[in-house]
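S.K.: Please model the entire structure based on the sequences and the hints provided.
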Amino acid sequence: MNAETCQVATGFLFTRECGLPAEALCPNCGRRVCDAHLTSTEEGALVCTACAGTATRETEDDASYYYDDYGYYGGPNSFWGQRTSRDPHDFTEADGGSLRHEGDAAFEEDMVGS
Amino acid sequence: MARWLLYALGGGMGHFTRSCALARVALKRGHRVSLVTNSDFAPDMPLEAMLGPGGRVYRLSAALDKDAVREAVEALLEGVRPDLLVVDTFPRGIAGELAPLLPELRMGKVLVHRDLNPTYVERFDIASAVEAFDLLLVPGEDAAFAGHPRAVRTAPWVLLGQDEWMSRAQARAWFGLESGDARPLFAVMGSGNAVEVAEAGDIAERLQARLGEAAAVRWLVPPGPWSPEHPHARRRKRKPGRVPPREVWPALAVMPGVDVLVGAGGYNTVQEARVTGTPLVALARERRYDRQALRLRPEELAHTGEELVARAAALLDSGAPRGRSPATYAGGAKDAVALIERIVLSA
Chain A
1 MNAETCQVAT GFLFTRECGL PAEALCPNCG RRVCDAHLTS TEEGALVCTA
51 CAGTATRETE DDASYYYDDY GYYGGPNSFW GQRTSRDPHD FTEADGGSLR
101 HEGDAAFEED MVGS
Chain B
1001 MARWLLYALG GGMGHFTRSC ALARVALKRG HRVSLVTNSD FAPDMPLEAM
1051 LGPGGRVYRL SAALDKDAVR EAVEALLEGV RPDLLVVDTF PRGIAGELAP
1101 LLPELRMGKV LVHRDLNPTY VERFDIASAV EAFDLLLVPG EDAAFAGHPR
1151 AVRTAPWVLL GQDEWMSRAQ ARAWFGLESG DARPLFAVMG SGNAVEVAEA
1201 GDIAERLQAR LGEAAAVRWL VPPGPWSPEH PHARRRKRKP GRVPPREVWP
1251 ALAVMPGVDV LVGAGGYNTV QEARVTGTPL VALARERRYD RQALRLRPEE
1301 LAHTGEELVA RAAALLDSGA PRGRSPATYA GGAKDAVALI ERIVLSA
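Residue numbers (the working numbering), protein chains in the order written: chain A, 1 to 114; chain B, 1001 to 1347.
I should point out that these hints are in silico values taken from the structure, not numbers from a laboratory. Please read these numbers as outputs of a predicted model, since none were measured by experiment. Using N, Cα and C, we set each Cβ at its ideal position, and we do this for glycine too. Any given hint could turn out to be false.
[Unchecked claim] If we take Cβ atoms under 8 Å as the criterion, some of the chain B residues that face chain A in the derived model are:
{"hint": "1", "residue": "Gly1096"}
{"hint": "2", "residue": "Tyr1120"}
{"hint": "3", "residue": "Arg1287"}
M.R.: Put into structure tokens, the structure is as follows:
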């Protein structure tokens, strides 16, 4: 492990540390965080995206939102693009497991089910 | 000739690709065909070009909610006034919107009956929903109501006939291999959704690192922003030696040049591998309705990314890339149109 690099895990299929140069420490979990994985909470605190994602899920009851920037149209949150800000709907490492074990409660509610 | 409306709602590429296979044959038979999709892949797909003259495509936004989908489907039925409605996969509709409409619709009704999650089948009384259809077509694999008195099995439906596939030499050239290059070619198929398309790139890079100079690895992507050909694609700096994305749709066209296909267990990937006799290694991706693990043979199924790469690499060691099976019958959609004409439209 490199002492200078970001420790936030990325990837769904192959989870690994980000590895970009770290810019800060997450005050919540203590991990080293690069600029791309640093984000601000609604309260204004700078935390890593994994902690922010977990906090968002804990306070968000509406599971039926539409993920409206899925990297499809090359916007700033495109996964091909350089991220300069974080959409609260972005996937984080906290989502990997839940995506693979979705319940069946959303039959006929998910308009892009397959 | 009849007016057909093909209902291909649902995510990914499976619903509209299977429906396009049917539409192409119906159009060649002189029918007028409209197809409706709400897939988030659809905006970038050359569906009209694939269907050819006479084919019409309605793209609903993937962002439409349940009520909006219901309204759009009702408006389409009213506007198109089809003689025949062909519903892919969802007998009640993706939003359940078809269930109250079907008994009143005065038109031929056909269900393309693919596998469905048994919990959904039970909780939403799909057994009653299928009774609204004049014909259930079961395209190449088992399904819950394949034994229904009005169900007919066909060979798998794929988008291109064998005469439309590239030759092996043409396909290898398309992949950028020199004529004297005898290395086997591994193709990693990006499909499913944006995350899975990107993951296919990771898989390709890991596989290339594992195989080294012993094989060529390609990352195939459908049209979309991940493709370098897309007008809105963000340029991503890739390190030298990494596997770049290569746009193709349908990938079936180049499959004769592929020695090992690596991907997921969706209908099209699996059936395209089957009909071309291409060895397949795949993940069973989680889906709300489809059960990909059931579609894959035990020797094809990998449970993790690491296992996927290891299994694909093992095929190289075992010599399997040299032993692809002969192509099999690819005319399921043609037979399906003949069945519809005979059983439904002639009634």
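S.K.: Now, for every hint given, state plainly whether the structure supports it.
M.R.: Evaluated hints:
no.	hint	in the structure
1	Gly1096	4 Å, holds
2	Tyr1120	5 Å, holds
3	Arg1287	5 Å, holds
When held up to the earlier numbered hints, the structure conflicts with none and fits them all.
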